[in-house]
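Novice: What follows is each chain in one-letter form.
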Amino acid sequence: MPDDLADVYRTTYPALVRFLYRKVWDADRAEDLAQEAFARALAHRPDNPRGWLFVVAANMARDEARRAARERRHLTLLKSEPDQTPSLDDTVGEQLDRERVRRALDELTPRDRDVLLLWDAGQSYDEIAAQTGLAKGAVGTTLARARRRLVEAYEKGSEAEHVARG
Amino acid sequence: MSHVDEGTLHAYLDGELAPVERERVDTHLKGCPACQARLAEERAIIERASRLLGMAAPPERAMPPLDQLRRPPVIWRLRRPLAWAATVVLAVGLGWFARGWPGRSMEERSATRAESATAPVKTPAAVATAPRDQEVQPKDAKGLGRDANREHAADRVSGAGVANNALAMRHAPRALQAQDSAKLDSAGRRARAELDSANAVVTGAAASVATIAVQPQQAAAESQKARPVTVHGKRAATPAAASPEPPLVVDGVPVGDAASGVITLGTRRATPIMSTTWPLISRQPARDVLGVEPVTIPGFAVRAYRRNPQAREIVVEQVTDAGTTISLIERRMDSYGYADERRIDSAAANAPQVMAKAANERLARFVGLLRIEIDGPLTPDSLSSLLELAR
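Chains as they are written, first to last, in the working numbering: chain A, -19 to 146; chain B, 7 to 397.
Just chain B, with the same shape it has in the complex:
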């Protein structure tokens, strides 16, 4: 047999020769010192090359579990840039408000609170405050009453309907809440405050504070168990009330608690929630109420589950390490769904009123079907991380 060629030597050393061929090479090597020398040489090259490659190896790191590699739904990826924009608008709005809107006095606030403690709250879940200058025209497109007045820039969510993402501040005085609640309750409806500026994610139309063209959203498409979730975080420290200030009036009802600042992302609707007074339940009943497993934010201890006595709605209270309570308010999505064609065109002109009302709003934001509300000071960064967690 002729000498063994280089490629065959490598295949031989790599253990990649078929048995027959391997035997032939073995036989030849026995009687051929030259090929033995070449074999040694090639072996050295192989080792050297492999060592060199080893020097250019990436650091070894843990492998993520395979099932975590499933890619997130497209909607999340689309949404991310918007979250950014929303945060920026949040900051801008806050600055704008802080400059132009003084807070209420402590006395006023505690009075309001005391009042609220005794006032019967019929529909704690959601109450929309009416814009002062607009008549509310409840519309019943889905066989459901409408009570909410919405002013916000929002486009319709298409398809999955997962696209509500919005910011709004609200912090309605409890008295108003109670009153409105009663009112709304008589209509037998609960307003779902829905901030739709995020629909811009899908449509590309960004909502801004000043331009508030409203197209309340119809959420009927998604009748499944999609639940809006409200994160209602309470910080121990509320911003100190500044100078007293005449209460605002919306529909004849005093409104105003500007102390916490206002943020709007083109949309706001008040939904005061008195979830802390709801009766405690355990997880199983909570699941029964929702029809699905209650959503929790991973990483935070669950302190309690409570049920809204008036609605198929629960709250999951979670506590952060810093002691902030986060309430995830969840309800069956199929308990509402509505359409509303109302449109406020002169929104820009109404901005002051809008902001006035917003003074009473809590920060709220939709991340898909998650409704996130934050009551208390929160930096945009914290908001972002909270939203990330919520996802």
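One chain only, chain A, in its complex shape:
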């Protein structure tokens, strides 16, 4: 079992960070949560660690988002502050792109978004089905819709920016 988890860690950690990052939009936080998820896995030794990790991570991200929202509400009362501080190691262009993708992802329904992010994190249709409660046959349909909406929302957002800039 321990070796199992070590393998899962090697293969899944980066994907889990990526998955979490697109939920909390903070690289450090995403890593913290991913590590916390693995720390819990070490303690609980789940039978299906990969699936378990994503479920736990998704729950933590949800709690995190609620907490962040709460804090933001409090903070905005005190001072107006940008949502997040851009990290120093990427360019302005990259930040803009990321912000657009983030907004586009926000347009998806939670289920579509989850399925898309899970797929992108390397989960199979079977795993996605198990985690989301969808029938396996519905995963392809959901993914097709999620991808299309993501692309459309992103393009719409870019167009709107161009229009706004004149």
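What the hints contain is simulated information worked out from the structure, not anything from laboratory work.
Each residue gets a CB set at the ideal place from its N, CA and C atoms; glycine is no exception.
Fair warning: there could be bad hints in the mix.
Unchecked claim - Cβ pair distances, simulated, as ranges:
#1 Ala(-14)(A) with Glu299(B): 21 to 27 Å
#2 Asp43(A) with Gly60(B): 24 to 30 Å
#3 Ala110(A) with Arg57(B): 25 to 31 Å
#4 Glu27(B) with Gly102(A): 20 to 26 Å
#5 Asp12(A) with His9(B): 43 to 49 Å
#6 Ala144(A) with Arg67(B): 33 to 39 Å
#7 Ala40(B) with Ala19(A): 47 to 53 Å
#8 Ala115(A) with Glu299(B): 54 to 60 Å
#9 His142(A) with Arg67(B): 30 to 36 Å
#10 His9(B) with Glu51(A): 48 to 54 Å
#11 Asp8(A) with Arg57(B): 23 to 29 Å
#12 Gln42(B) with Ser138(A): 26 to 32 Å
#13 Glu29(B) with Asp43(A): 42 to 48 Å
#14 Arg67(B) with Gly73(A): 17 to 23 Å
Put chain B on the given structure of chain A with help from the hints.
Specialist: Coordinates of chain B only, in the frame set by chain A:
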């Protein structure tokens, strides 16, 4: 066969179709240009979506080793806020002392030192200075003698007993140390100075400089090999002695070396340690003495191991990059363990005396079972980082 639906096309492109179904789709596509066109379209969407997601990827960073993810014991997490508080109190106490307590002259100090060099030190490990106004009533609750007088605010550590965390300054003159040592030695006991204000971590009762209600701690619960560790860092530069000042007297013994400043976190006990004169040993014997691997602070070179000739106690000397020597004094925890019901209630009223004694104390602080003592100037920041390292 009817046209292939969008979901199936995605599953097909994602390689997630069962072989039978895949074959059926292949067959249909061969004869259906419309579906071929849709397939190309969906493939483009998949690629586009995946590229977009790639733009929203976190920076790639190294993975920490899996075994480092085990969460630290709860006690450390509880402790952290207290460390902060202690540091603040440290600063406040230092300021208070610096204002009200002048240092001794250089002559006095060197005289004391010379004296100490010749004085036989019987129990270098730990000596508690008695409060002037209190009679010491050694108590033997555990079959062990008590010699220490403790005044400090402290609650009992519960359970694991890992909760001593305290600050105290001490810097006892060596003469006193020698004398007290002899005295204590006759009792056959070693005092373990134990600063318990940190117990507040567990109980939530914060110790303050002014309120010193004492409940010396009983450490009996943890009879294992838990070792208090003393970090006894010596800086090359000692604070310059200011104007001469009448020596303080504690139990008829002159006490006082205020030059280094005083800090108390509600608790102090003197434990002069003459570890630098202990005979050198190597690591294996050191381990034998302790029964477990000696603790070292990671990142610092170990210069020497020494053994206390009188006790099952060793010191690990480590050197920082800046040349500061840190001595980790470690002994078997099972060599003491005591209880003491004494209580000093009028502590606040005694504050001046307490501070006077504290003048001779070294900065000491418990971090769990680690005893950390620092001799010499140290900023709260350095203290914090040292404590972090010690952890």
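Novice: Determine for every hint whether it applies to the structure shown.
Specialist: Hint by hint, here is what the structure shows:
no.	hint	result
1	Ala(-14)(A) with Glu299(B): 21 to 27 Å	holds (25 Å)
2	Asp43(A) with Gly60(B): 24 to 30 Å	holds (27 Å)
3	Ala110(A) with Arg57(B): 25 to 31 Å	holds (27 Å)
4	Glu27(B) with Gly102(A): 20 to 26 Å	holds (22 Å)
5	Asp12(A) with His9(B): 43 to 49 Å	holds (47 Å)
6	Ala144(A) with Arg67(B): 33 to 39 Å	holds (35 Å)
7	Ala40(B) with Ala19(A): 47 to 53 Å	holds (52 Å)
8	Ala115(A) with Glu299(B): 54 to 60 Å	holds (56 Å)
9	His142(A) with Arg67(B): 30 to 36 Å	holds (34 Å)
10	His9(B) with Glu51(A): 48 to 54 Å	holds (50 Å)
11	Asp8(A) with Arg57(B): 23 to 29 Å	holds (25 Å)
12	Gln42(B) with Ser138(A): 26 to 32 Å	holds (29 Å)
13	Glu29(B) with Asp43(A): 42 to 48 Å	holds (45 Å)
14	Arg67(B) with Gly73(A): 17 to 23 Å	holds (21 Å)
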